[in-house]
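Chemist: Next come the chains, spelled out residue by residue.
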Amino acid sequence: MNVVPLKSALHVVPSGEAVPAWFSVVGFAPTRIESEDLAAYMAGLELPAGTLVALVNDWAQAAALTRAPGGDMAWWDREEAERKRLTAKIGDDHAVLRELTRATDAIAEVVHGAAAIAAARQGSGDPYIIRVAAGAAMQATHQRALAWMAGEPEHFFSRKYQLFASGHWPLGFYNGAFHIF
Amino acid sequence: MAYPEVKTVEEFKQQPEEYQTAVKKIVRSHSINELYGARVFDEPAIAFAPTPYAKWLTCRVAMEEYHHHVRFKKLADEIGIPESETVPNPSKKPLSIFEYPLKTWEEFCTIKLVADYAEILQVEDLLHCSFHPLRNIARLTMPEEKFHAQFGKDFCTEIIQGPGGKEKVQEALNHYFPYLPAFFGGDKSKNNEMFRQYGLKQRSNEEMRADYIERVGALVGSLGLTLPEVRLAA
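Respectively, the protein sequence lines represent chains A and B.
The numbering used here puts the first sequence at residues 26 to 206.
The numbering used here puts the second sequence at residues -13 to 220.
One or more hints might be untrue.
List time: in silico EDC-like cross-link candidates among lysine to aspartate or glutamate, alpha-carbon distance up to 20 Å [as the list claims (entries may be wrong)]:
no.	chain 1	residue 1	chain 2	residue 2
1	B	Lys60	A	Glu42
2	B	Lys60	B	Glu(-3)
3	B	Lys132	A	Glu105
4	B	Lys132	B	Glu29
5	B	Lys10	B	Asp63
6	B	Lys139	A	Glu105
7	A	Lys114	A	Glu104
8	B	Lys(-1)	B	Glu71
9	B	Lys89	A	Glu71
10	B	Lys89	A	Asp151
11	B	Lys60	A	Glu134
12	B	Lys(-7)	B	Glu71
13	B	Lys11	B	Glu(-9)
14	B	Lys174	B	Glu192
15	B	Lys(-7)	B	Glu3
16	B	Lys11	B	Glu153
17	A	Lys109	B	Glu29
18	B	Lys139	B	Glu200
19	B	Lys132	A	Glu71
20	B	Lys10	B	Glu200
21	A	Lys109	A	Glu71
22	B	Lys132	A	Asp130
23	B	Lys11	B	Glu179
24	B	Lys176	B	Glu192
25	B	Lys132	B	Glu110
26	B	Lys132	B	Asp111
27	B	Lys11	B	Glu29
Label pairs and their calculated CB-CB ranges [unchecked claim]:
no.	chain 1	residue 1	chain 2	residue 2	range
28	B	Glu144	A	Gln147	20 to 26 Å
29	B	Met128	A	Gly148	15 to 21 Å
30	A	Ala99	B	Gln136	28 to 34 Å
31	A	Asp97	B	Gln147	31 to 37 Å
32	A	Asp97	B	Pro30	47 to 53 Å
33	A	Ala106	B	Glu200	44 to 50 Å
34	B	Glu3	A	Ala43	49 to 55 Å
35	B	Gln0	A	Ala106	24 to 30 Å
36	A	Glu134	B	Pro149	38 to 44 Å
37	B	Gly150	A	Ile142	37 to 43 Å
38	A	Ala99	B	Pro214	35 to 41 Å
39	B	Pro149	A	Asp97	19 to 25 Å
40	A	Ala106	B	Glu144	27 to 33 Å
No wet-lab data here; the hints were simulated from the structure.
Here the structure is a predicted model, which is why all the values come from computation and not from measurement.
All C-beta atoms, glycine included, are put in the ideal place defined by N, C-alpha and C.
Assemble the whole structure, with the sequences as input and the hints as a guide.
Modeler: As structure tokens, then:
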């Protein structure tokens, strides 16, 4: 089994990697490279080839979309199944959790601040959306670190993380299309 | 006379053994309970949350609760509490509330509404604690605990507005609330007396419990709910 030793968990982010630009380009169309990350992420979610991609323009739309009840949650369940598989592969739940908590704790303030600034720029009035966005970005960080710790750096969690690091927020599959903010 | 302020872990190590024991009891208890709460309620709640919005918000809450544990655990390591005493121990019974696995989203929101309110009072009591490293953790933790309680209130309000929602929240309240007054410890507690003597805590268990019941009663009353009757130990 190719698993990164737990003591190395804090170093799962390769040194020299560009500083993440959290939420800096939400509402902008993805670039070519970002579109490749998105396609790889969607393939990991097992969405059929040719699934429509829709661009979300503002924070109010992002909140309304993600808050609407009754949506298809298969994409979320797919991520959850992968999270469980990777965790089981590493073993020692408690130590994994502690290391991942340290890793996400280190970015909590920065992510939250970036979401707050981006939402404020667009005059978002939703008091929760900043925390929702920060929760999503930290979940992506957690998932990517988990994939690295499990010895799977090419996992689709890494491509999802890259979308966040590029400044987008992949919102998920709603109303027949994958939505990216 | 107030106990002198203890500003660092190095100063802590020069305090009387009883002071050190008192601090260790508080730190150990918070470290264990934060981890129990995150494991038993917050992390499982992500699966019950009905929308991605609620799921990500719950992820954030769960991470914050884990972070609270990590903060207390780090201090525990620094002041020399063995690791085995700062995480749940299968041979020791947890607080009763942690023995009932979460079953629904409504239960989770109700727990945030009333149980995190109990946590707020506990943390509030440490804001002026004589041991500064513990005081600092309380100050960092407090805004997040307040947000969690507000989260509980807002989502319970939303659930109550839906069909059958009020009954579901009241049912969860009836189930979980009776375990919460015990969270404040026994009356005439020797530990609490020691905590106050050393300026670690400000109020007696009885005062905190009475304050909690009054404040949480008003809170649930504002949502049209009622607290179930709880028989308090003498």
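Chemist: Determine for every hint whether it applies to the structure shown.
Modeler: Here is what the structure says about each hint:
1. With a C-alpha separation of about 28 Å, the suggested pairing of Lys60/B with Glu42/A is violated against the 20 Å cut-off.
2. Taken as a hint, the Lys60/B and Glu(-3)/B pair is honoured in the structure, with Cα atoms around 17 Å apart against an allowance of 20 Å.
3. Straight-line distance between C-alpha atoms of Lys132/B and Glu105/A comes to about 28 Å, which puts the hinted pair past the 20 Å bound.
4. A threshold of 20 Å between alpha carbons decides the hint, and for Lys132/B with Glu29/B the separation of about 19 Å falls inside it, so the pair holds.
5. Distance restraint check for Lys10/B and Asp63/B: the Cα-Cα separation of roughly 10 Å lies within the 20 Å cut-off, and the hinted pair is therefore satisfied.
6. Restraint check: the Cα-Cα separation between Lys139/B and Glu105/A comes to about 27 Å, which exceeds 20 Å; the hinted pair is violated.
7. Distance check on the hinted pair: Lys114/A and Glu104/A sit about 15 Å apart at the alpha-carbon level, within 20 Å; holds.
8. Pair hint Lys(-1)/B plus Glu71/B holds up; C-alpha atoms about 19 Å apart against a cutoff of 20 Å.
9. Between Lys89/B and Glu71/A the CA atoms are separated by roughly 29 Å; this puts the pair beyond 20 Å, and the hint is violated.
10. Straight-line distance between C-alpha atoms of Lys89/B and Asp151/A comes to about 29 Å, which puts the hinted pair past the 20 Å bound.
11. With a CA separation close to 19 Å, the supplied pair Lys60/B and Glu134/A stays within the 20 Å bound.
12. For the hint pairing Lys(-7)/B with Glu71/B, the CA-to-CA distance comes to about 24 Å; that exceeds 20 Å, so the pair is violated.
13. Distance hint between Lys11/B and Glu(-9)/B is fulfilled; the C-alpha atoms sit about 18 Å from each other, no more than 20 Å.
14. At most 20 Å may separate the alpha-carbon atoms for a hinted pair to count; Lys174/B and Glu192/B meet this at roughly 8 Å.
15. This hinted pair checks out: Lys(-7)/B and Glu3/B have alpha carbons roughly 17 Å apart, not beyond 20 Å.
16. Straight-line distance between C-alpha atoms of Lys11/B and Glu153/B comes to about 39 Å, which puts the hinted pair past the 20 Å bound.
17. Between Lys109/A and Glu29/B the alpha-carbon distance is near 13 Å, which keeps this suggested pair within the 20 Å criterion.
18. As the CA atoms of Lys139/B and Glu200/B are separated by approximately 16 Å, the hinted pair is consistent with the 20 Å bound.
19. Restraint check: the Cα-Cα separation between Lys132/B and Glu71/A comes to about 39 Å, which exceeds 20 Å; the hinted pair is violated.
20. In summary, the hint linking Lys10/B to Glu200/B is not supported, as the alpha carbons are separated by about 30 Å, beyond the 20 Å threshold.
21. Under the criterion of a C-alpha separation no larger than 20 Å, the hint pairing Lys109/A with Glu71/A is consistent with the structure, at around 17 Å.
22. About 19 Å separates the Cα atoms of Lys132/B and Asp130/A, which keeps this hinted pair within 20 Å; it holds.
23. Of the pairs offered as hints, the one joining Lys11/B and Glu179/B holds, with about 13 Å between alpha carbons and a cut-off of 20 Å not exceeded.
24. A hinted pair counts as satisfied when its Cα atoms are at most 20 Å apart, and Lys176/B with Glu192/B qualifies at roughly 13 Å.
25. Of the pairs offered as hints, the one joining Lys132/B and Glu110/B holds, with about 10 Å between alpha carbons and a cut-off of 20 Å not exceeded.
26. Distance hint between Lys132/B and Asp111/B is fulfilled; the C-alpha atoms sit about 14 Å from each other, no more than 20 Å.
27. Restraint check for Lys11/B and Glu29/B: the C-alpha separation of about 26 Å exceeds 20 Å, so the hint is violated.
28. Against the hinted window of 20 to 26 Å, the Cβ-Cβ separation of Glu144/B and Gln147/A comes to about 24 Å, which satisfies the hint.
29. Between Met128/B and Gly148/A the C-beta distance comes to about 29 Å, which lies outside the given range of 15 to 21 Å.
30. Checked against the hint of 28 to 34 Å, the C-beta distance between Ala99/A and Gln136/B comes to roughly 32 Å, which is consistent with it.
31. Our hint of 31 to 37 Å for Asp97/A and Gln147/B is violated, since their Cβ atoms are close to 25 Å apart.
32. Range check, Asp97/A to Pro30/B: Cβ separation about 22 Å, and the 47 to 53 Å hint is violated.
33. For Ala106/A and Glu200/B, the Cβ-Cβ distance of about 46 Å falls inside the hinted range of 44 to 50 Å, so the restraint holds.
34. A C-beta distance of roughly 52 Å is found between Glu3/B and Ala43/A, which places it inside the suggested range of 49 to 55 Å.
35. Distance hint check for Gln0/B and Ala106/A: the Cβ-Cβ separation is about 53 Å, which falls outside the suggested range of 24 to 30 Å.
36. Separated by about 40 Å at the C-beta atoms, Glu134/A and Pro149/B satisfy the suggested range of 38 to 44 Å.
37. Checked against the hint of 37 to 43 Å, the pair Gly150/B and Ile142/A passes, with Cβ atoms roughly 40 Å apart.
38. Distance hint check for Ala99/A and Pro214/B: the Cβ-Cβ separation is about 39 Å, which falls inside the suggested range of 35 to 41 Å.
39. Range check, Pro149/B to Asp97/A: about 23 Å between beta-carbon atoms, so the 19 to 25 Å window is met.
40. In this structure, Ala106/A and Glu144/B meet the distance hint of 27 to 33 Å, their C-beta atoms being roughly 29 Å apart.
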